[in-house]
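Trainee: What follows is the residue order along each chain.
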Amino acid sequence: MSDVGFGVEALRRGMSRRELTNLLIGSGMSAAAAGTFAISASIAHAQTPRRGGRIKVAHSQSSTAETLDPARAMNSSDNVRLFMFYNGLTRFNEELSTELDLAEEITPSQRATIWNIKLRRDVRFHDGTPLTSADVVYSLRRHKDPAVGSGGRSLVTAIEEITATGPREVRIILSGPNYELPAILSIWHFLVVKDGATDFRTANGTGPYECQEFQPGGRTIAMRNSEYFRPGKPYLDEIEFFGITDESARVNALLAGNVQLINSVSQRSARRIVTAPNLSLFETKCGAYQDLVIRLDQAPGSNPDFVLAVKHLFNREQIARAVYRNFATVANDQPIGPTSPFYDPGLPQRPFDLDKAAFHLQRSGFGNQTFPIVISPAARNSEEIALLLQQSGREIGLNFQLQRVPAEGYWWNYYMKRPIFFSSVPPKATPDIAFTTFFQSRAPWNESAWRNERFDALLLEARAEADTGKRGQVYREMQSLIHDGSGVCIPVFASYLDAHDSDLKGLLPIAVGGMMADSFAEHVWLDQ
Amino acid sequence: MSVDHNNTAIEAPAQPRRRLPLSLGGMVGATIVAFWVVVAIIGPYIAPHDAGALLDDDLFGHMRWKFPLGSDYLGRDVLSRILVGARYSIGVATVATFLAVLMGGSLGMLAAVSRGPVDMTLSRLFDALISIPSKMSALVLIAALGSSIPVLIATVAGIFTPGVFRIWRGLAINVNALDFVEVARARGESTAYLIREEILPNISGPVLTDFGLRFMFAVLLLSSLSFVGLGVQPPDADWGSLVRENIDGLADGAPAVIMPAIAIATLTVGVNLLVDNLPRRWSSTVEH
Amino acid sequence: MNALLVRLLVSRIAIAILTLLFVSVAVFLGTEMLPGDVAQAVYGQNATPDAVEGLRRALHLDQPAYLRYLLWLGRLLTGDPGNSLVNNLPIAELVATRLPNSLMLASVTIVVCVPMSLILGISSAIWQDSLYDRTVSLATMSLVSVPELVIATLAVIMFAVNLRWFPALSYSAGLLSLNQIFQLFALPVFTLSCVLIAQIMRTTRAAVIDCLRSSYVETAVLKGARPMRIVLNHAVPNAIGPIANAVALSVSHLLGGAVIVETIFNFPGLGRLLVDAVATRDMPLIQACVIIYCAAYLFLVALADIAGMLSNPRLRH
Amino acid sequence: MAPLVKVDRLCVTARDERGNNRAIVKDVSFEVQRGEVVALIGESGSGKTTIALSLMGHTRSGIKIAGGSITFDGQSLLDMRSRDLSIVRGRDIAYVPQCAAASFNPAHPLLRQVIESSQIHRVMSAAEAEAKAIALFRELALPNPDHIGQRYSHQVSGGQIQRLLAAMALVTDPKLVIFDEPTTALDVTTQIEVLRVFKTAIKKRGTTAVYVSHDLAVVAQMADRIIVLRDGIIREVASTGRILTQPRNDYTKILLAAAKPRVRAATNGIRKETSVPPVLKVMNVVAGHGAVDERGIPAVPLLRDVGFSIKAGSTLGVIGESGSGKSTLARVIAGLLPATRGEVLLNGTKLPRNAAHRTRDQLRRIQIVFQIADTALNPARSIGRILGRPLEFYNGLVGDKRRRCVAELLDMVHLPAAVADLFPSELSGGQKQRVNLARALAAEPSLILCDEVTSGLDTVVRAAILDLLAKLQRDLGVAYLFISHDLSTVKAVCDEVMVLYAGQRMEYGSRGALHQRPRHPYSDLLISSVPELRQGWLDGISEMMPKETSAAIAGVAGGETCRFFERCAVRIQGRCDVEGIPVRLLSKGAEIRCQRTEQELIELFTP
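Chains as they are written, first to last, in our numbering: chain A, 1 to 528; chain B, 1 to 288; chain C, 1 to 317; chain D, 1 to 607.
By construction, these hints were calculated from the structure, which means they are not laboratory data. For clarity, every value in this text was computed on a predicted model and none was experimentally measured. Hints may contain errors.
Taking lysine to aspartate or glutamate pairs in the EDC-like style, the calculated list, with each CA pair at most 16 Å apart, reads [claimed, not checked]: (1) 203/D <-> 139/D; (2) 144/A <-> 80/C; (3) 204/D <-> 173/D; (4) 144/A <-> 50/C; (5) 199/D <-> 139/D; (6) 199/D <-> 539/D.
Short derived list, chain D residues pointing at chain C, Cβ under 10 Å [what the hints assert, rightly or not]: (7) 58; (8) 99; (9) 106; (10) 121; (11) 151; (12) 254; (13) 430; (14) 431.
Restraint-style ranges between C-beta atoms, simulated for each label pair [unchecked claim]: (15) 377/A <-> 56/C: 22 to 32 Å; (16) 103/C <-> 428/D: 55 to 65 Å; (17) 351/A <-> 104/C: 38 to 48 Å; (18) 144/B <-> 395/A: 48 to 58 Å; (19) 151/B <-> 73/C: 26 to 36 Å; (20) 45/D <-> 213/C: 15 to 25 Å; (21) 104/C <-> 377/A: 22 to 32 Å; (22) 56/C <-> 115/B: 42 to 52 Å; (23) 111/A <-> 151/B: 55 to 65 Å; (24) 296/D <-> 104/C: 53 to 63 Å; (25) 290/D <-> 151/B: 25 to 35 Å; (26) 274/A <-> 57/B: 12 to 22 Å; (27) 7/C <-> 115/B: 15 to 25 Å; (28) 144/B <-> 114/A: 49 to 59 Å.
Don't be surprised by glycine CBs; every beta carbon is placed ideally from N, CA and C.
Produce the entire structure from the sequences given, and follow the hints as far as they go.
Mentor: So, in structure tokens, the structure goes:
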């Protein structure tokens with residue numbers, strides 16, 4: 001069922017490191033090269049894309065909060081729409097490397113504090129106007145304005161200045177060196193909108209599809225952009241995209257043939273997809289994880305032995321098997337997964353060890369006490385993981401009382417506020433983003449309130465390190481610091497499971513999210 | 001001699017009542033209800049397995065000796081979970097219905113006895129409350145207070161109170177118009193006395209029937225509330241939550257989803273049969 | 001008659017307005033009491049204090065609660081229900097995409113349910129306590145006893161996934177032909193009917209039986225009327241009041257309470273819009289949904305009362 | 001010629017609450033000849049209605065015909081299939097039911113229902129049937145016969161409904177008409193009208209009829225032959241004349257005796273002219289429903305400026321038709337419906353209008369006994385508890401003392417002490433009314449308001465209750481306000497009588513004075529409408545008696561003009577309906593309110 005996934009992964013592992021090196025050596029990457037990759041991926045499948053056809057795609061998220069404003073977009077459903085209608089300066093490809101999108105060239109100088117960007121010349125917005133540097137400057141600058149309410153605001157704090165240096169040239173000046181800027185620019189918030197755009201009831205982008213209809217919480221209809229700058233692309237004439245929040249409804253809709261692609265298939269439903277004759281499961285192995293977080297700044301997490309006791313209570317194989325039905329790989333209490341080139345396989349795996357857990361628990365002095373764990377549908381699978389933890393905790397006299405709270409309100413009422421809670425973290429494009437947002441002492445989502453000066457210093461060091469090998473070294477040390485000290489317990493890395501009509505081709509896993517990291521629209525075609 | 005063979009259904013509807021206070025249907029209903037009440041009380045003690053333990057590697061396991069009703073989506077024993085869950089479903093429904101009756105009933109009788117502006121105010125208030133969608137109230141309550149048994153009870157009780165008020169008020173107004181209440185009023189009795197001694201004993205039959213029906217709707221409401229995320233805390237689960245959490249198994253006909261649904265259905269049908277076959281004088285003319 | 005009707009209508013409307021006002025205050029207080037606000041809801045897991053603060057200011061959430069309520073009420077009185085706090089779209093537009101769907105679903109369900117439950121209820125009343133009566137009531141009772149979720153899911157698996165008779169999703173934009181309506185609405189209507197038929201049928205049966213016990217029915221029997229005539233001519237016209245009431249309650253349930261069905265069949269109705277609005281604390285949207293629901297309830301109950309009045313000359317004059 | 005109806009050894013059983021079958025009609029045999037009017041007379045529970053219904057092959061729910069046969073026009077009714085039965089019903093046998101208003105379907109206009117049987121049986125076209133019905137309306141003296149059929153049952157008065165039912169029965173020219181207590185629910189003045197038209201209609205057609213009633217005086221006017229029933233057994237069958245003059249059966253004799261209540265001597269209380277204030281004095285009371293204007297007049301007044309007084313130990317009778325405000329008066333005095341104007345004085349002290357503001361002692365002194373014994377007792381409480389409550393409430397009696405007192409009270413109303421443990425449903429109607437009285441007595445009141453206390457009771461039981469009331473007054477010196485629509489009862493027990501009409505006091509005087517002319521025209525109408533227990537009374541009374549009108553109650557405007565105006569035979573157009581009514585003191589000692597002088601009245605009512 002996941003043969004395709006494995007095959008592609010092997011292919012990707014061989015290539016991605018080389019490509020990344022290419023980028024980081026700093027000479028930039030040509031658009032032609034990007035095209036080559038697309039072709040090579042296709043060749044790997046030995047299939048020729050076919051043009052035409054329409055599909056219906058159902059996403060797990062649906063809300064009236066949906067928006068076409070890249071600054072305000074919050075979830076992957078928004079992202080799917082954004083990637084249909086807009087382009088960024090760069091983008092991630094299935095090799096997990098950054099490739100150029102609207103940019104023709106990105107060149108760092110002065111140890112990566114000043115970046116010069118040159119735009120493609122053949123790009124037009126859906127309203128027919130050509131792409132200019134003013135559009136890019138507007139699109140990046142608006143995130144600094146608090147009134148825009150951009151979710152990418154913290155990411156642009158390091159950008160000091162964005163200026164147009166020509167009709168197609170933009171210069172970005174950073175407050176400190178950062179070789180990761182191309183990766184950062186691939187994030188959906190920084191997709192390029194038209195200069196001065198404020199009305200996002202429809203989208204005027206440069207993307208492969210034009211927005212014909214958009215209803216927040218309803219459906220979106222995307223029509224093929226015949227003027228798209230990548231020749232021949234996209235393949236489909238029309239995509240109807242909407243949300244089906246209920247998982248079984250989503251799966252049933254696919255089974256009934258009413259939609260051709262769905263995301264977020266539960267591990268338990270995978271069997272139904274696999275046994276259906278004309279459906280395929282599309283697994284994306286990546287660094288997504290659902291973690292149990294113990295706050296280190298309050299009892300009982302302030303006691304390191306307690307944290308260690310809990311970390312030894314996870315029967316990771318059982319979790320992968322019972323909860324994720326093996327659509328997961330065992331993790332080691334640090335956020336960089338085996339799909340990442342910077343993954344440290346040398347870090348000793350923390351075992352499921354009741355004796356050790358009991359030992360640490362006894363040392364902590366919290367034996368035979370009851371601690372509440374907040375679980376919620378908002379953090380997927382948190383209930384199931386917590387149930388298993390509760391079972392094994394009981395064996396050493398550590399009692400967990402599960403407190404299920406509703407999904408809405410979870411993130412601001414319980415998340416990072418309770419002593420022990422669950423979180424759900426999507427894969428991050430680079431270790432730098434993961435560490436900066438979740439583990440640095442002053443990170444906005446330093447979930448366990450972990451403070452480690454060495455770690456903070458290493459982060460800065462890595463950013464300014466042009467050499468990938470050396471950077472990998474630094475990242476490995478950082479992984480082990482998290483593994484040892486943080487209050488974040490990461491039992492497994494979960495795969496993204498999408499499912500589709502077998503006639504829908506061109507899907508290749510991009511290890512930063514399901515549905516080709518939300519950008520499937522440009523790449524898929526119907527084979528009939 | 002010719003005896004009664006020419007009666008049409010309309011002319012002589014009822015079958016002769018036997019000595020038994022309940023007809024066959026009523027007995028069946030009473031037996032089912034009694035069975036589930038007993039299960040609710042002793043369920044956790046007779047459960048073969050720990051209701052929270054993962055015992056089966058197979059998900060949605062079929063029925064077999066070790067797991068008489070199969071296993072659920074995590075491989076837990078469905079029989080044990082139903083036995084433990086009975087207490088929550090029946091207990092919460094009972095307490096919530098009782099609370100609703102306590103609040104709605106006493107206010108309803110107060111409105112009927114007080115008449116005038118008190119009646120007016122209370123009636124309008126409950127009319128307004130009844131028009132707020134119940135799912136919305138449930139959502140607000142769980143969002144504000146989280147999901148726990150007291151919240152569950154308060155939600156169901158809150159949703160039912162206006163309806164109870166209406167029925168009790170209607171019944172009490174009928175009794176209130178009778179002469180013996182006038183006599184007591186002329187005697188100078190207090191409102192509390194009128195409610196306690198004159199009204200309440202004379203509407204006990206119909207309101208008991210109403211209680212039964214409402215209990216039934218409470219069980220069903222609970223199962224639909226689990227859909228919006230209201231239920232008891234894991235690892236335990238009420239029947240509605242059992243259905244909800246195992247709904248994926250329905251495609252494979254997993255007993256994990258069918259059995260709790262059957263439990264809900266039998267309890268509901270049992271209560272309904274019992275209520276429908278109560279002696280006629282107990283029936284309330286007002287429909288829910 | 002007309003003066004009375006006008007007076008009744010005026011007092012009805014006055015009471016309705018008061019009720020709506022009360023409900024809107026209650027809803028406002030309810031949502032105010034909820035932890036978190038729309039700014040936090042919009043950002044969810046991605047919330048940072050300054051982002052939330054910025055959005056709050058932009059949405060004027062820093063104003064005192066009563067002021068926000070009065071502002072909202074003021075705008076509403078000028079006919080403008082405001083914009084959604086979450087996506088800044090006009091509430092009227094959001095509701096306009098959902099309300100017709102809900103109305104459509106409700107109407108189709110009613111068209112299917114009411115005749116069926118009337119036939120079942122009346123026939124059960126005619127053959128009261130017969131095997132037929134018992135079978136019908138046990139069958140409807142059993143249907144209402146199975147959780148809606150199970151019925152809906154079962155219907156999808158059987159009729160959409162396995163048999164492929166109907167689509168698993170019940171929404172399509174644009175004008176529909178009768179056949180399309182049948183296709184799209186078959187499954188949700190089937191699910192909703194399971195509950196509704198039992199309820200309406202039960203009320204119908206009880207009301208008709210009640211009428212059958214009356215003196216005028218005995219008089220009709222003694223005039224030599226046959227059972228069919230007695231039921232249709234004498235019992236049913238007098239049972240319209242309670243039946244209309246049951247139907248009204250059911251329809252209002254359909255408009256706002258069909259959340260499960262809307263979710264399973266991914267039907268964009270008012271129910272899910274409300275659930276969504278509560279989840280994101282979108283006050284104007286919540287208010288709009290609840291007020292529509294409330295007004296519909298009041299309207300339907302009034303309609304039922306009028307139906308009862310028209311069927312009963314005593315109340316008509 | 002064979003009899004039209006032949007009932008042979010009919011046995012009917014009824015199922016009681018516990019599911020036992022009990023015989024309610026036992027071995028009843030009788031015949032009805034063509035053209036004959038046969039009356040079935042008996043008290044409640046005698047089986048008379050059951051027999052009447054079984055003549056149509058119909059039984060009510062829970063009742064079964066257990067044996068015997070009924071032959072109608074040569075057909076055996078009990079052997080017929082239900083389809084064939086319904087062909088006979090309505091076409092050959094018609095039924096005029098008792099509960100008149102409820103017998104019309106409220107959803108359909110009257111005419112449609114009147115001709116329904118003719119349409120069911122297809123004996124004539126709808127147009128023919130309508131024409132015939134309208135002719136019948138005319139014959140039955142219904143007002144506005146051409147259009148009354150378009151009305152609905154709630155829009156016509158009780159007397160009219162009853163006539164419409166008769167028209168409904170007669171429209172198919174049935175061979176047999178069954179009248180089931182057709183006038184029981186009517187006021188006397190209405191009853192006489194209805195009886196008269198019924199009798200004319202029967203006579204004219206030579207209709208065969210079965211007339212069911214509990215009222216001998218009524219039956220005496222209608223029937224050729226009377227069948228006396230008791231407990232489902234025929235006690236006596238004889239021609240009407242013989243039953244009235246030479247009853248053979250003991251029970252028939254009791255019935256006859258009870259139909260004329262003994263008139264007891266006036267109490268001596270009335271004669272003692274002392275300076276002590278009357279136990280109750282009511283002055284200019286106005287009461288009703290709805291908004292009250294600045295003059296204290298409510299939107300829907302039920303009592304208009306009523307005043308009277310009751311001396312200690314005496315009885316004031318209040319008489320009037322339904323809607324006259326009799327019961328409202330009792331409720332106003334008890335403080336249940338606060339007066340909007342006027343005063344109620346108890347022993348010379350002003351009482352607060354609302355019972356809630358009265359002292360416990362004031363409440364104790366006035367007790368009220370309601371008409372319907374069934375609803376006046378809390379069915380969920382034992383008799384001991386019902387009687388014990390006022391003892392406890394007013395006198396603080398508890399425990400043994402209270403129990404003894406309850407026993408004494410029961411003894412006082414001639415009930416065994418064991419009744420204390422029973423519940424109201426286990427008592428008969430008469431027993432319940434006794435308990436009702438005992439409860440009032442428990443408070444040791446100075447005044448008991450008796451609101452139609454004997455109306456629901458059978459003749460024999462009624463007489464016993466009246467005796468008891470008299471005895472209690474003698475023994476305890478309690479005063480009564482005795483409300484009734486039944487003139488003979490009032491005559492029997494009251495010292496003084498007040499006649500109410502539409503909330504106005506028409507006449508107020510001693511009992512004796514009411515029997516002398518001149519009287520208020522309304523009093524005159526009332527008294528002359530009471531059927532007398534002799535054959536031919538109905539045919540003898542003068543045709544000049546004023547007709548019952550549709551009596552649509554006019555607006556309140558004008559205040560104190562005569563409410564009886566529309567129905568008054570001697571009204572003065574342009575005066576009675578314009579001017580306020582003067583109070584006249586007649587020489588016989590009674591007060592009346594009428595425009596006519598005493599002299600005029602004497603002349604007008606002298607035949």
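Trainee: Which hints, by number, does the structure contradict?
Mentor: 2, 12, 13, 14, 17, 18 and 25
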